[in-house]
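Engineer: These protein sequence lines are chains A, B, C and D, in that order. Residues 1 to 289 (my numbering) are what the first sequence spells out, left to right. Residues 1001 to 1754 (my numbering) are what the second sequence spells out, left to right. Residues 2001 to 2164 (my numbering) are what the third sequence spells out, left to right. Residues 3001 to 3087 (my numbering) are what the fourth sequence spells out, left to right.
Hints were generated in silico from the structure; no laboratory data involved. Take these hints with a grain of salt, some might be off.
[Said to hold, decoys possible] Some chain B residues close to chain D (C-beta under 7 Å, calculated; not the full set):
1. M1166
2. N1181
3. V1563
[Stated by the list, open to error] Calculated lysine-lysine pairs in the BS3-like style (CA-CA distance at most 25 Å, straight line):
4. B:K1028 with C:K2146
5. B:K1406 with B:K1184
6. A:K23 with B:K1132
Positions of the beta carbon are idealized from the N, C-alpha and C atoms, including for glycine.
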Amino acid sequence: MEAFEYLAPATVAEVYSHLGNGKTTLMLAGGTDVIVQLREGRKRCDQLIDLKHIPELVAHGFAGDGTLIIGAAAPLAELYEDTEVQRRLPGLVDAASLIGGIQIQSRASLGGNLCNASPAADSSPALIALEARLVIGSRDGTREIPVEEFFLGPGRNALRPNEILLQVKIPPQPAHSGAAYLRFIPRNEMDIAVASSGVRLRLNAAGDRIEGARVAIGAVAATALVVDVSALAGRAPDAEAFALAGAAAASAATPIDDMRGGVAQRKHLASVLTVRALNIALHRAMEAR
Amino acid sequence: MTTVEKPAYSVIGTRPVRPDGVEKVTGKAQYGADIRLSGMIFGRVLRSPHAHARILSIDTSAAEAHPGILAVLTYRDLPAAEDKMEELGESNINVKEASDNVLASDKVLYRGHAIAAVAAASPHVAEEALAKIKVEYEILPAVLDVRDAMREDAPLLNERRFTKSMGGVMSEKPSNIAAHNQFKGGDIDAAFADADVVIEREFTTSMVHQGYIEPQVSTASWNADGTLTIWTSTQGAFAVRGLVAEILRHPVSSIRVVPMEIGGGFGGKLPIYLDPVAALLSKKSGRPVKVSMSRTDVFEATGPTSGTHIRLKMAAKGDRITGVQAVLSYEAGAYPGSAVGAGAMCMLAPYNVENFQLDTYDVVVNRPKTAAYRAPGAPAAAFATESVVDEIARQLKIDPLEFRRKNASRQDTRNVMGVAFPRIGNEETLDAAINSPHYRAPIEGPNRGRGVASGFWFNGGMQSSVVAAVNTDGTINLVEGSTDIGGTRASLAMQLAETLGVAYETIRPVVVDTDSIGHNDVTGGSRTTFASGMAVFEAGMDIRRQMITRAAKLWSCTEDEVVYEDGGLRCLKDSTKELTFKELAAQSARTGGPIVGKASLIARGAGGAFATHIVDVEVDPDTGKVTILRYTAVQDVGTAIHPAYVEGQIQGGVVQGIGWALNEEYFYDESGRMVNSSFLDYRMPTALDVPNIDTIIVEVPNPGHPYGVRGVGEVPIVPPLAAIANAVADATGHRFTALPMSPRKVLEALDGLE
Amino acid sequence: MPRTQVQTRLNGVDVDFLCEPRQSLLEVLRDELGLTGAKEGCNNGNCGACSVIVNGRVVNSCCVLGVEVAGARVETIEGLAHGDKLHPLQQAFLDEAALQCGICTPGFIMASRALLEREPEPDEHRVRYWLAGNLCRCTGYDKIVKAVLGAAAELRDAPKQEVK
Amino acid sequence: MITVIIPAVLRGLCGGTAKLVIAATTVDGLLRAVEERCPGFYDRVVEQGHVRPELMFALDGEVVPLALHDTLRSGAEIAIVPAMAGG
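Construct all of the structure, not just a fragment, from the sequences and the given hints.
Structural biologist: Next up, the structure:
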């Protein structure tokens, strides 16, 4: 591994002070991606900035309005072990609890998973389904964007020079709604998604009609994709409706053929996973009533 | 447990804690990478980015000038080697090829082929210097697949290689086919002409890796007087000593190889890769040097097992298998020497087949030189045989195990070498499978199926040497030279305790270096508990004889008036005269000095081992994923010395077989680069991917061993490939003839996707 | 490259060491502090052989920088036994013959310890899920899972054996 | 007398015979006796005074590395097979 300088600032302002000094800079959160990328020469840097000494970046909690605010460097395990998070956002727990093994989840963060911008990242479709927004900061202030706008391509995200990802915000979920995330891998753990689907289903009070649905699919294009499932609105939450969503997911998918999966396989899985995730979401929506 | 005519043992068959256990659960055990010598520095190896290229030049000047670099190495530092086969203990090597595989000279033959090495005080600095070595290549077309490599117009790995066959040269032109062989018996044409059923299928299996968790690592210290010590992770310290001596043209007596604890081998730690490199880096730098591989190096540059192509045609008449014709082509990797011969010799072993013709082709391709992997050659061959046997049984509407039972080989059945089997436990194993709770239980539910398959492995004998020194407190130090990969210290100590009638706890086994014991062949071929166990038995009998002599002296009677039994001695003509083992040991100083038992032998009578496996699977038709629901492995082990470690060997072999069947494979891109050289993308089973593996131990004692031991470690990996394919066929109606049966392949087949 | 001084609490004892920022915790433990119980199997977080516990959570020490453990609590396999008294997990691995070559064993034991500290009564599936980040190529996992379940029962019966 | 099983690829030298029964006391004597009936056989098995490293013998059912000087008991059955190694 090439030598680099290690910095552990205590405040965000201090982070900014280290940026724009001409040095190649990488941020260190859980390190489960970046340390390996540096070791294998897939990335290099002059300085590595450890964000874990900044309290607001490693904390998570619900704001008064019910928005969950997650520090970009907060470890996944702390997130999904929070019983309140489990109760309110099972769709987020689905994703957070299957990124890597336990050892990875002890360290890895949502922020790192997002910034790494892998098309197969487990957190992206789940967060898109939940309408998460990202808080991005720089010396000049902060801006917020919907999570789906963050991904520009494999390994490329919307951070501008000297910007860093500060927080992930998940708004309170609508009444009578349920969300779920599923991925397919050849093994049962420790694997990269061949295809994945994050969904949220919103029902009417009676629970017999779909008010709205969100579907996002992963590992089937250069970035996670939002699937247009507006056709589901007004329909009964049944197999027929879910099959429509599955078909929409399959046709939206534009996957590549690589050692992890084939084109036809991935399109097919996008549909299968979307239908299965919708069934789980339906179950959760009904339970929540 | 089915047991046939087994004597009553006091130690054999119990489950004591292994002698090396505490050090291994407390992190104290010293594995290859754990050694730290004063002044030690770190070596790293530069590897080829190309699958096939001529090396035009290697410029190491910038690396030599890199701050902190203490030694740089290329093939120029290796002695020129002769291009001929050498016999080395149990292994045969072409020294030129072995040397070229350690550091490439004229050509690189696979991605990852070692080219140069450097040493520095920090491994990071060594890596910085590697980046500064400039190599000019003339890139050549690569050939990766065994069938492509066999074509007339295929790129040649070695323009001077012709096809050999049992010492003769068979081809007019140079070829990638290194060797052809044939096994023939009876009249296959007549058998096929007169058959009720004939089935012909083509099978392929992918190159897979042993997947031991500890990467190769070697530490060497070269002294000014030419003496060389190597601390390494190996299945055979004496083999390493011999190979290093050949490659470096250095006297064996000047080389001491210290076997560190080994983090798995499965056959993959029989060859050497780093030891000569560490030795020469040490010679050049004057420091002890530790050289280790990364996981990617392990995948790209150490011997996996062959990818294979097998065409098999089988005839049956009535309920009998009457004829088999097969052509087996195995990838040898960059240099000749696949296990295709063993595959052919094992594939029909479970059956009594009189008419057969098996042709084998050993083929070089631009992949790493293959190495042994647990029952080398047999699993892929059994995948073909057992799949077709299953299909024929179905066509004949005979239960697949009953069909195997009707056609089973037994004592005096002749195998494909024309050789008669000694006492074997094939039928007993099949009976135990037929009567097992698993097989008697129905399999129900949609997308579920059951499969069975049998398998055979020869097991090895070879050379072993042990010394057992009796201490005056009655305890015994057992000195052995067999690497302990999976509990052999325990199985050998137990056999000595049984022989002497003493407590297991009184025996302290130790595995020593090549200066401290006579030659021991590798821990491989499932030989250690069998062969070193035989040596341990003879060393024990040597101790008993010495004790009888001394007791006779003490009691002033003749030796034949003294009997040794139940760990003590007594005088036949005077019942007052009795001594326990411990009491007599205490008197050794007064009865002629230390009591030391010794034995050195070539173990004969290795009994072959048979296994039959039963597996239930569920196939998800929407994803193509195969889930193993239940697995039972039945195996004749001769005598289970330590049943827990016997079960462990079986369970481990089965799970490796599950990985081979379902997900493991080498993915190469067009340029010949392996694209899944990590534990993330080379998908070995995790704890969550497999159920508990039930074992049924059958004991048909091997008449060739004092305690009836048969090799255990290898045969468990032979049946799973076919057993799972047969189960998937039962569940889906689709028969898979290409491994792995990955979700993608299953889905594409079931849903007709493409 | 200048080396940084790091102070940490290792197996209950305050230690400080010098390391380069690019050295992983695994390298520091093995090469600087001489604790070779944590093993390198893959060096990229996919085998668990280097598992250690940092601030109560099990991590792959190959994916942690040495400089990151400043002020942290680090527990390794070397700190698990008390004098000559093995931890129930260590004893269970011996009694169940849950190791063959043993290279993965320290990682499995540390990961299992982290599990049992959180969940005293895991079922078989939970144990298999938790240990999915630890690869073993010898045992087929069967006896490892049984050892962990056995140790869990042992620890429930005699919780005092689990001393911090 | 010793029974020799001729490997398939060498049967051409022996007029297709798969099995010979020959009087001999050592491996070398046996191979030379086969050579008399199957010209060219000896050199296919022996190279520079040693059994070719890529070959082994199966003696009375067991694959063993025999040397030319090894003695054979009368009634033994011997086959010539390719060498193999275990894992």
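Engineer: Does V1563 (chain B) pass the interface hint, meaning its C-beta sits closer than 7 Å to a C-beta of chain D?
Structural biologist: violated (33 Å)
Engineer: Can you confirm whether the C-alpha distance between K1406 (chain B) and K1184 (chain B) stays at or below 25 Å?
Structural biologist: Given pair K1406 (chain B), K1184 (chain B) holds - Cα atoms ~23 Å apart, limit 25 Å.
Engineer: Decide if the proposed pair is consistent with the structure: K23 (chain A) and K1132 (chain B), CA atoms, cutoff 25 Å inclusive.
Structural biologist: holds (23 Å)
Engineer: Can you verify the interface hint for M1166 (chain B): is its Cβ closer than 7 Å to any Cβ in chain D?
Structural biologist: Hint holds; M1166 (chain B) Cβ to chain D Cβ min 5 Å, cut 7 Å.
Engineer: Does K2146 (chain C) sit within 25 Å of K1028 (chain B), going by the straight-line distance between their CA atoms?
Structural biologist: Holds, because 24 Å separates the two Cα atoms, which is no more than 25 Å.
Engineer: Go through the hint on N1181 (chain B) and say holds or violated, using the shortest Cβ distance to chain D against 7 Å.
Structural biologist: holds (6 Å)
Taken one by one, the earlier hints fail for this structure only at number 3.
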